[in-house]
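Participant: What follows is the residue order along each chain.
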Amino acid sequence: MTDHPPFRRVLVANRGEIAVRVMRGLRELGIESVAIHSDVDARCAHVLAADHAVALGGNTATESYLDQQKVLAAAKATGAEAIHPGYGFLSENSAFARAVREAGLVFIGPNPEAMDRLGGKKAAREEAIAAGVPVIPGTEKDLSDDELIAVAKKIGMPVMVKASAGGGGRGMRRVEREQDLAEAIAAGRREAKDSFGDERMIVERAVFPARHIEIQIIADKHGNAVSLHERECSVQRRHQKVLEEAPSAVVSEELRKRMGEAAVSLCKRVGYDNAGTCEFLLDDAGNFYFLEVNTRLQVEHPVTELVTGVDLVHLQLAVAAGGNLTELLKGKDLTPRGHAIEARICAESPEAGYIPAAGLLELVREAEGPGIRVDSGVYTGWQVPPFYDSMLAKLIVWAPDRATACDRLSQALRDTVYLGIPTNVDFLRRIVDDQAFRTAQISTDMLSQRPELAKGPGDAPSDEVLAAAVLCQALGRSGGGGGGAAAGASAGSSGNAVWQEFEGFRLFEGVGGAR
Amino acid sequence: MKVTREFERDGDKVAVRAEHVAGDRWRVRVGDHVLEFDARALPDGGVRLAPVAVDGSIGKATVCYGAGSAQRYMVRTAGRTHTLTAPASRRGGGGGGSDGTVRAPMTGTVLDVLCQVGDTVTADQTLVVVSAMKMEHKLAAGIDGVVQSVSVQKNTTVDQGQALVVVEKAAAE
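Protein chains in written order, with the working numbering: chain A, 1 to 515; chain B, 1 to 173.
Note that these hints are calculated values from the structure, not bench results.
Being a predicted model, the structure only gives us computed values, none of them experimental.
Among the hints, erroneous ones may be present.
As the list claims (entries may be wrong) - Derived Cβ-Cβ restraints for the label pairs, each shown as a range:
1) THR120/B - ASP142/A: 44 to 52 Å
2) THR157/B - GLU183/A: 35 to 43 Å
3) GLU452/A - THR122/B: 26 to 34 Å
As the list claims (entries may be wrong) - Residues of chain B clear of chain A, computed beta-carbon distances all greater than 12 Å:
4) VAL54
5) GLY56
6) ASP99
7) ASP112
8) VAL113
9) LEU114
10) THR120
11) GLY142
12) ILE143
13) VAL150
14) SER151
15) LYS154
16) VAL166
Where is the CB? At the ideal position from N, CA and C, for every residue including glycine.
Next up, chain B with everything else stripped away, as it sits in the complex:
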């Protein structure tokens, strides 16, 4: 049994390959780094991991929890939560993507749409106002350009990562 995943770390692609050895023993290659663990699934959804040293001695165990998809996986280990993303996916994230696509930073309600197709806008100009969890978020495109499409209306609900407005860089003079 083998499981392979790719993650993005510090802008680099890292391949992680876990291979079942025998019993509870797993060998994991993170890039060129080889680690061994005794791993056991727990009834509450967690996994108990004990590192195995080169000399075969077994280190202090931790319980880890994971959830998510191949694109965005959250893992909680040693009392910290890490959100890992696959290299190909840069979905969601901040309001003003520098690619000119304005995305909803979270699920919420559109309070106002302040642009129309054909408008010339600046990088930090507020194009859409989204309200979520009692907070207002002013969203901008992050680039100067012309509005190519507006795919939302006022008072509609939007999902996290949903594209709301697309701005294309103005042609160089």
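With the rest of the complex left out, here is chain A:
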């Protein structure tokens, strides 16, 4: 992509899969990578993948990955010229982006001024209106309860009553009937005050049923902004995406063009640079409404990479170093090709109310094969810490068409093994195999409408499963390295504390031809 690397050494201010993915991109460009890590993450996959590593100390995110001074000091100490923030943590923190710039380093993300203009939901909505981007009809300013009710009646029920400072669904309510408005606004104000210290509320038309469609943007420091088209992320749970795909089955070429132009005009208006995503809701009638801009690389960026053929991390580095997109994308056909789907693999039990889990991954075997990409941050023997996000890895497939991509993802999930702690792998497979998903009849409330997808069949294990379990114990082994133990012991006993604690189950290793 470039004749010479845009940087010599880059610090990746993140952990797990995204840090590994960014480092892979750095290595491809001949750039050295610097990892940072908390105490429990000293042997996390991203530390093992990096050329250099700096211990930040502490375990919670606040003590480590969110500590701006520690991150900047690590960059200075290792001679990194730039910082890639990944997603989450400091990635959308404009104060950090400013601090990086003031330290004489390059922040691989948008300029802090553009981040500020798109940061708050309300500010972003105002910018969108000014850029001519359609927004959900509703209030824009601080209104009294009576005024909010009047607006709600005018735009028509159902409406969403939301905290103006909101996020993560708190202070947000869907109201079906006019007579419930007053109570919903009062409850929303209380919740918003507790959560954000700000009791201002807004009212919007409830777009329902809706699909979540987002546009990937890449922009440079020379005023160029390019749409890399849509991703559909309609399969969500409480605003957390579960499956993402590109292109969307319901976005026509004409709609893609209009949504892309809307996103580009908003980015150009605020002087945006680097990678960003404009999120929209799409209703049944094909109307799209602006939601927000994510001013960073997204978790689901791989599906865009697979259908457009661009490497977003490479592009981020190039434009951060001052590269011009006219040159960088010259001769490239960005028309989406084929179909890509991503499944987020998380340490949680959808069957038990999505309760997250931490602990030892005793056996990891990730899918492989044609059209399969795994962006992983874990390995056999890794102790998943309780301090951070529960996402372990992302399984992404590409195929010439959506039906084949669904088949491929289903089989790849079947071949995926994470044992030791609960994961959502079986849940993901139930969704992918569901008729509604196969026919792309998806919407943002699919999972809340279909609780059986999370619950699972709940059947007792068959005799064949119990037999397989005992034969695995007799013949199999888990964990890497290490010696076996004596065979033949009959169990039901409380067992051996050593293999309970670490490295999985290793009794009976070496029996029956196992090595």
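Guided by the hints, dock chain B onto chain A, whose structure is given.
Facilitator: Showing chain B alone in chain A's frame:
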């Protein structure tokens, strides 16, 4: 070579006994049900299993993976993960055990302890708040009673299944 395990299934104890016949052939008794397999360990930690029918014909093979302890064993077969437990062990599990012991549902940090020894509490009263993976979990005892012991403090790390608070049923009036 024989391996015997006991599992709990639908509340019943099921004994599973695997016996090596010859070569790759294994005979497995699940209760009274006798199954035969050709079983071969794979270098990636899996086991390739092919069922052998009564007439000796060999069925479609699957690759299974297993890990865990005798108390809690996870096996992945035919694209599904099953967590099997030994009959004696009911360790860990949900926050509010109906036996009155409040256990940590997962490894995490104690955000708050909302009871003291001697407190009279209700079944659904929040006694401990644990944070893990960016989520808060409010834990209750599941029975009405009196707090007998509190073995955690605020801001400490707890392991999955660790007993945090013990509540004993109040004496009948």
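Participant: What hints, given by number in increasing order, does this structure fail?
Facilitator: none
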